[in-house]
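Participant: The sequence shown begins at 105 in our numbering and counts up one residue at a time.
You can take every hint at face value.
Ranges of calculated distance between the beta carbons of each label pair, as one might list FRET restraints: (1) GLN410 with PHE136: 49 to 57 angstroms; (2) ALA377 with ASP259: 14 to 22 angstroms; (3) ILE330 with SER289: 27 to 35 angstroms; (4) ALA242 with ALA141: 18 to 26 angstroms; (5) ASP394 with PHE155: 31 to 39 angstroms.
For the record, the hints were derived by calculation from the structure and aren't laboratory data. It should be emphasised that the depicted structure is a prediction, and the values quoted were computed from it without experimental measurement. Glycine included, every Cβ here is placed at the ideal spot set by N, Cα and C.
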Amino acid sequence: MRLLSQVNLNSLKIVESAARHRNFTRAGEEQFITASAVSQRVKSLEDQLRFKIFQRGGNAVSLTPEGETYVSRVREALERIVAASMEATGQSQAHVLKISVLPTFAARWLFPRLPLFQRQYPEIEMRVSTSYATNEFATSEFDLEIRYGDGSFPDLAADLLFKEDLTPVCNRKLFHEILGDKPLSKVTPDDLRHFTLLHSDTCTQNWQSWLGFAGASSVLGEAKSIYFDSCMMSYEAANAGMGFAVANRAYMASDIRAERLVAPFAVHHPNTAGWYFVSPVTALYARKVDLFKQWIMAEAALTQCQLDAEIASGPVLRQAMA
Numbered sequence: 105m106r107l108l109s110q111v112n113l114n115s116l117k118i119v120e121s122a123a124r125h126r127n128f129t130r131a132g133e134e135q136f137i138t139a140s141a142v143s144q145r146v147k148s149l150e151d152q153l154r155f156k157i158f159q160r161g162g163n164a165v166s167l168t169p170e171g172e173t174y175v176s177r178v179r180e181a182l183e184r185i186v187a188a189s190m191e192a193t194g195q196s197q198a199h200v201l202k203i204s205v206l207p208t209f210a211a212r213w214l215f216p217r218l219p220l221f222q223r224q225y226p227e228i229e230m231r232v233s234t235s236y237a238t239n240e241f242a243t244s245e246f247d248l249e250i251r252y253g254d255g256s257f258p259d260l261a262a263d264l265l266f267k268e269d270l271t272p273v274c275n276r277k278l279f280h281e282i283l284g285d286k287p288l289s290k291v292t293p294d295d296l297r298h299f300t301l302l303h304s305d306t307c308t309q310n311w312q313s314w315l316g317f318a319g320a321s322s323v324l325g326e327a328k329s330i331y332f333d334s335c336m337m338s339y340e341a342a343n344a345g346m347g348f349a350v351a352n353r354a355y356m357a358s359d360i361r362a363e364r365l366v367a368p369f370a371v372h373h374p375n376t377a378g379w380y381f382v383s384p385v386t387a388l389y390a391r392k393v394d395l396f397k398q399w400i401m402a403e404a405a406l407t408q409c410q411l412d413a414e415i416a417s418g419p420v421l422r423q424a425m426a
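Can you make the complete structure from the sequences, with help from the hints?
Facilitator: In structure tokens:
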């Protein structure tokens, strides 16, 4: 057996790539070598280590338990080598925080709060990208992402910010134009048949889900509809007085408090999915990522407390407005 001190750095990069892709062919494409060469490098390293890193099965491969532990440590070591090299050459990015955020989350929740973080940590330079696509952290420049889902993000650290909680919202002026002075406490989901429902191509099931939860599924076939290519556009359309949008309460809370929008229904449809702070485990060691995580988790907790309090006091507010 060759000495472990003679392990080739390129072999470690190839193994990390193969583990990330779960495929020797894709790893070879990334490393500009053939799949056969990847397999040979892996076997050579396994011979040196005297344990199997991968279980082979057709075109796909999976990590053995020993391989999982080994690759995790290799990945962390490679990231530290890159960081050390950048620092040594004056290219350190320690003060630059690169994040990818869902567009509606960014516009409706994050951006109004982000100046607070900037004032608290002026030394951290923010670079924000908005996209509906998720990224492979190993091949992207991002330190973290805000993702929507059920919390299952394999091989990544994921912390729940808040879950989705749907409620219909409408421009206050339009509401009174259609229903006159009808007290909010008397408004029922069936009244939505008199309004245009604003749909989104990125949240296609929201109306069906909420109306079903509220026991008013028939409204979907009776009301007029307009379709938009994003949730954000449907929310803006609601603000403009085009109809009712079904929205996450956290996104629309400021408009409701300012009385630009009205949310007349006591029915709030909780969703099992939500928004998560997602990053590689190793990224959490970086000061910039840790500080941003602490800050955004605190802001999310505050948002959730405010929303819970508003739901609890909802009936009182409706009686006062009626």
